[in-house]
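When we follow this note's numbering, the leftmost residue of the sequence shown carries the number 270, and every step to the right adds one.
Any given hint might turn out to be false.
[Said to hold, decoys possible] Here are the simulated lysine-lysine pairs, PhoX-like style, with alpha carbons at most 20 angstroms apart: (1) K819 - K356; (2) K327 - K633; (3) K655 - K704; (4) K775 - K818; (5) K419 - K409; (6) K611 - K704.
Derived by calculation from the structure, the hints in this document are not laboratory data. Just so we're clear, the structure is a prediction, and the values are computed from it rather than from any experiment.
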Amino acid sequence: MLDLNIVIAGAAGEGIQTIGDVLTRSILELGYSVFTWTEYESRIRGGKSSYRIRVSEKMSNAPRHDADLLLVLNEQAREHYAGLLNKTGVTLAETGEDLQTVAVPFRSIAVEQCKSKLYANLVAAGALCMILQIEFSVLKQVLTRRFAAKGEEVVRLNLVAARAGYAAVQSVPHTQQLALETRDRAYSFLSAHAVIPLAAAYAGCRFITAYPMSPATGIITAFARDEELGVFVEQAEDEIAAINMAIGASYAGARAMIATSGGGFALMVEGVSLAGMTETPLVILIGQRPGPATGLPTRTAQEDLLFAIHAGHGEFPKAVLAPSDPQDAFAKTVRAFQLAAKYQIPVILLTDQYLADSYFSYDKFESENQPLTAHIADPQAISDYKRYRLTADGVSPRLYPGQSKHLVCADSDEHDEGGHITEDLAHMRPAMVQKRLTKRKQLQQAIALPAEIHLLDAETVLIGWGSTRGAIEEAVSQLRAKGTAMGAIHFTEIWPLPDYVFAGDKQYISVEGNATGQLSYLLAAEYGIHFSGTVRRSDGLPITADYIKKEIDDRV
Numbered sequence: 270m271l272d273l274n275i276v277i278a279g280a281a282g283e284g285i286q287t288i289g290d291v292l293t294r295s296i297l298e299l300g301y302s303v304f305t306w307t308e309y310e311s312r313i314r315g316g317k318s319s320y321r322i323r324v325s326e327k328m329s330n331a332p333r334h335d336a337d338l339l340l341v342l343n344e345q346a347r348e349h350y351a352g353l354l355n356k357t358g359v360t361l362a363e364t365g366e367d368l369q370t371v372a373v374p375f376r377s378i379a380v381e382q383c384k385s386k387l388y389a390n391l392v393a394a395g396a397l398c399m400i401l402q403i404e405f406s407v408l409k410q411v412l413t414r415r416f417a418a419k420g421e422e423v424v425r426l427n428l429v430a431a432r433a434g435y436a437a438v439q440s441v442p443h444t445q446q447l448a449l450e451t452r453d454r455a456y457s458f459l460s461a462h463a464v465i466p467l468a469a470a471y472a473g474c475r476f477i478t479a480y481p482m483s484p485a486t487g488i489i490t491a492f493a494r495d496e497e498l499g500v501f502v503e504q505a506e507d508e509i510a511a512i513n514m515a516i517g518a519s520y521a522g523a524r525a526m527i528a529t530s531g532g533g534f535a536l537m538v539e540g541v542s543l544a545g546m547t548e549t550p551l552v553i554l555i556g557q558r559p560g561p562a563t564g565l566p567t568r569t570a571q572e573d574l575l576f577a578i579h580a581g582h583g584e585f586p587k588a589v590l591a592p593s594d595p596q597d598a599f600a601k602t603v604r605a606f607q608l609a610a611k612y613q614i615p616v617i618l619l620t621d622q623y624l625a626d627s628y629f630s631y632d633k634f635e636s637e638n639q640p641l642t643a644h645i646a647d648p649q650a651i652s653d654y655k656r657y658r659l660t661a662d663g664v665s666p667r668l669y670p671g672q673s674k675h676l677v678c679a680d681s682d683e684h685d686e687g688g689h690i691t692e693d694l695a696h697m698r699p700a701m702v703q704k705r706l707t708k709r710k711q712l713q714q715a716i717a718l719p720a721e722i723h724l725l726d727a728e729t730v731l732i733g734w735g736s737t738r739g740a741i742e743e744a745v746s747q748l749r750a751k752g753t754a755m756g757a758i759h760f761t762e763i764w765p766l767p768d769y770v771f772a773g774d775k776q777y778i779s780v781e782g783n784a785t786g787q788l789s790y791l792l793a794a795e796y797g798i799h800f801s802g803t804v805r806r807s808d809g810l811p812i813t814a815d816y817i818k819k820e821i822d823d824r825v
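Kindly produce the complete structure, drawing on both the sequences and the hints.
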């Protein structure tokens, strides 16, 4: 079974993204499943960046650590990434004399053929395609489509550069395992942050606001770019303004969303509490990255789980969801809007840089058919409207201003049923506290149980959440193939924690992209389970199956 891992490495500004995209699109044309992720430093030029492409005959939803084919565009990248090359791997570089290196002078070929070294990346792309035995006609089609908007001359020069790179390695003996054949398959190719705006629009979102902060910036730019989504986009002057705008839009009747990262969310926390007190539906996307403070802006982490759960002063219900892949991201985004509207609460979607920038392949992109309900009351059926009417389930009938003759009054102070400020400590304050807590109980019953993977016969169980699912599933599969009784439990709807029973006859190991084991802390506190081990990663890189196995092989 083919499982080919390609690493394209160089400095920012050397066209790594273009090479990766062109090669990926060419491989997809052949009918293979492709998974990609990128790592890059927080700079416009220089440094060390890489584009990883995993090619397989079946769908792979996680990165691999080692490289079968390594392209390096400069010596610094070569030194930094050389350790990734496996024993049978091939390096494609400007120079080299060892048996594992194919030397192609990208820059001199680009200057000779196109009069500019700027086309060196296309020379490299052509050489990669030849090594993989991809027909030049496929590469030509991909390049023509990609650069068509820039004019015929740009297309011509890119084709000249790619053809020169293709020709430069035609006489080089090829490693057989690198050759790709054409397959009669087709895959959808999507990232989580590409589908979330589509899901939000489908769920009825009509207003999004944000102050740009990576890795969440792509969400608001996607909304702004696609006017057909019908969503009003506002780039606020700061995060405090953003969340208050969104709360105002929701109060006025529009489904609203904000997108930020951990540092931006820190400024929004008072607004989260405001939404909790005014019982205003709101969806908040937090694209996680390593902190504290500015931290590592272009790297990945799962460090904000407990922050999201406990954000906001006072006691009020909120939901925290963490999608595992693009397909799940679509479903969880729709779910977030539905939960927010039904229970009139803030709902937080936790993604991360890895999930934002990775692309996944699907035979068929599917999402569960979730019924969309407005959760807005019929004003004609109400004679005496009270925004915070006390009800058995804690959820009051919701109207919005201008919908009817009824006054819709909301207040951040403690209030009575009509929404007016109250100091009634004997009756109304306890009643409103209980109202909000009753909604939390209702919400907990609606939270989905975690996914169970090979749990029945498992002796050791990996527990993770959010974007780690692909790596966990792969690690479980590989360990079971070696005879280890391994299983997994994976959470994507995390707060409130569902009513779930953990078997007492298994060993549990938490797998998280943070240094402190935030989910394991939560599960130990809420369920009383004991963890026999942990797999934690906090260096800014995504968790892989190899990383998990390396951490636990000696323990199992």
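Hint check, failures only = none
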